[in-house]
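Trainee: The lines below spell out each chain.
There are 2 protein chains.
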Amino acid sequence: MQVIGVTGLPGSGKSIVARVAKNMDVNIIRMGDVIRDEAIKRNAEIGETAVKLREEYGDYVVAERCVELIKEHSNDENAECELKFIIEGIRSPYEVKIFKKNFKTFKIIAIHSSPKTRFSRLKRRKREDDSSNVAEFKKRDNRELKFGIGNVIATSDYMIVNEGPVWKFKNSIRNILKNEVKKH
Amino acid sequence: MQVIGVTGLPGSGKSIVARVAKNMDVNIIRMGDVIRDEAIKRNAEIGETAVKLREEYGDYVVAERCVELIKEHSNDENAECELKFIIEGIRSPYEVKIFKKNFKTFKIIAIHSSPKTRFSRLKRRKREDDSSNVAEFKKRDNRELKFGIGNVIATSDYMIVNEGPVWKFKNSIRNILKNEVKKH
Chain A
99 MQVIGVTGLP
109 GSGKSIVARV
119 AKNMDVNIIR
129 MGDVIRDEAI
139 KRNAEIGETA
149 VKLREEYGDY
159 VVAERCVELI
169 KEHSNDENAE
179 CELKFIIEGI
189 RSPYEVKIFK
199 KNFKTFKIIA
209 IHSSPKTRFS
219 RLKRRKREDD
229 SSNVAEFKKR
239 DNRELKFGIG
249 NVIATSDYMI
259 VNEGPVWKFK
269 NSIRNILKNE
279 VKKH
Chain B
99 MQVIGVTGLP
109 GSGKSIVARV
119 AKNMDVNIIR
129 MGDVIRDEAI
139 KRNAEIGETA
149 VKLREEYGDY
159 VVAERCVELI
169 KEHSNDENAE
179 CELKFIIEGI
189 RSPYEVKIFK
199 KNFKTFKIIA
209 IHSSPKTRFS
219 RLKRRKREDD
229 SSNVAEFKKR
239 DNRELKFGIG
249 NVIATSDYMI
259 VNEGPVWKFK
269 NSIRNILKNE
279 VKKH
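These protein sequences, in sequence, are chains A and B.
Just so it is clear: in the first sequence, position 78 is 176 by the working numbering, and no numbers are missing.
Just so it is clear: in the second sequence, position 62 is 160 by the working numbering, and no numbers are missing.
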């Protein structure tokens, strides 16, 4: 079994990694989905659930839930089947620690785009939680940096620069995933 | 005048950037040299000087000295001459703030290599302050990360991946420097 974490600041292109991986039969675990699923179970709001989950189970509950999810998954399937997992949205060095403890060959792929590129992407995309002005953009970056995402990015096993074109970015993702799958 | 900062964890290849830049008539300012020069002036040890300088002038004395150096330099020369500077060894977001305040078009180039690659380089290189065992290597990384270098790397304007071959790395450096010089 191979588990790979994906990290990057908002607008860097993390979701494209998940899309490419899905086409390669890799299972995708989104850290955000763990909270969303729990919110549905509790019939509560997402923001409220995120806070409560941490109060009840500590800061690393989301990472720990991801580990459980992957372990359940791998019990379900045929033992002969080579399972691969991508965890999208890793933000803190402590999360990395938890994943490394549970999955011996755990690797991190970081995606980098310049602040200028990320800002213009987020502006174009305008998801509900995306930032459309510079102050908001910086605030959002700082929120992520406070979790320690900068350290996760700086010490990643792979770094993909995503400044376009998208086919080049997708090729880099495919090459890394193929390389990681071959090794295990 | 264009000023570009270079950042990267130990063993990533920062000094190659300086070497390439020198061949392109770019002036190199090494943050470490500022302390070394001051130590010679004071006839004191480097480590001791680093501590004393900070005690006397605050945490950002090295960045501020670099700014002074660059400003002196640019007064010396012919005003028509397009001066370019590389500052090697930027580690903290506060240093970036100081440089951005003083040089309007200031840009950061980050160099990334995987921890595995950096460790084997440092082991091969064995400079006095380089780490030859994993614990020492991690300790040194953590010392840099505590300064906030992860945030500087994650939010850099350019990211160069240096996993070899060296000619490819040098080409990337040249392209970025040419691009930055053209713009200003």
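One or more of the hints may lead you astray.
Same chains, same names: a pair is fine if it fits in one copy or spans any two.
Here are the computed lysine to aspartate or glutamate pairs in the DMTMM-like style, where the Cα-Cα straight-line distance is at most 25 Å [stated by the list, open to error]: (1) K236 to D157; (2) K199 to E234; (3) K214 to E278; (4) K224 to E162.
Hints listed in this document are in silico derivations from the structure and should not be mistaken for laboratory results.
Here the structure is a predicted model, which means the values were calculated and not measured.
Trainee: Decide, hint by hint, whether the structure agrees.
Mentor: Here's how the hints hold up against the structure:
no., hint, in the structure
1, K236 to D157, "both (24 Å within a copy, 24 Å between copies)"
2, K199 to E234, "between (35 Å within a copy, 21 Å between copies)"
3, K214 to E278, "between (31 Å within a copy, 15 Å between copies)"
4, K224 to E162, "neither (31 Å within a copy, 39 Å between copies)"
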